[in-house]
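**Student:** Numbering-wise (our numbering), the sequence shown opens with residue 66 and increments by one.
For the record, the hints were derived by calculation from the structure and aren't laboratory data.
Take the hints with a grain of salt, since some may be wrong.
[What the hints assert, rightly or not] Pairs of lysine to aspartate or glutamate, EDC-like flavour, derived with a Cα cap of 20 Å:
no., residue 1, residue 2
1, K173, E161
2, K173, E160
3, K180, E168
4, K76, D128
5, K173, D128
6, K130, E182
7, K118, D128
8, K106, D128
9, K138, E168
10, K76, E94
11, K130, E161
12, K174, E123
13, K91, E71
14, K174, E186
15, K118, D133
16, K106, E168
17, K78, E94
18, K180, E160
19, K118, E186
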Amino acid sequence: MVLRAENLYKKYKARTVVNNVSVNVKQGEIVGLLGPNGAGKTTTFYMTVGLIKPNQGEIFLDDEKITDLPMYKRAQIGIGYLAQEASVFRTLTVEENILAVLEMTDMKKSARIEKMESLLEEFSLKHV
């Protein structure tokens, strides 16, 4: 199995943060992205796992294009992301945190919302 990113490009307003980056990772291979702060390492990784969408470029798992797959669908086929620190979710509400986890399931949106509300009730978190 090969995870391949080709010619990834990401721009925020007038600032290009990733410019034509390509990466090939074989199953079992460990790869590091090296560079100074602001070089685009994290943005490249986020595009690969589906946290953000590239402006240009494609992402493949083997020969299947996954560029447009949402993060939860990528997780279902084995591409995941575990944050080094919890700060990724710090700005989300309790409801948003629960829904983010529930997006990893096959549940329809209405069922995810219903489950989230059930969990808030079960753990007495409605007021949080």
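**Student:** Taking the earlier hints as the rules, which of them does this structure contradict?
**Tutor:** The structure breaks hints 4, 5, 6, 8, 10, 11, 12, 16, 17, 19; every other hint is satisfied.
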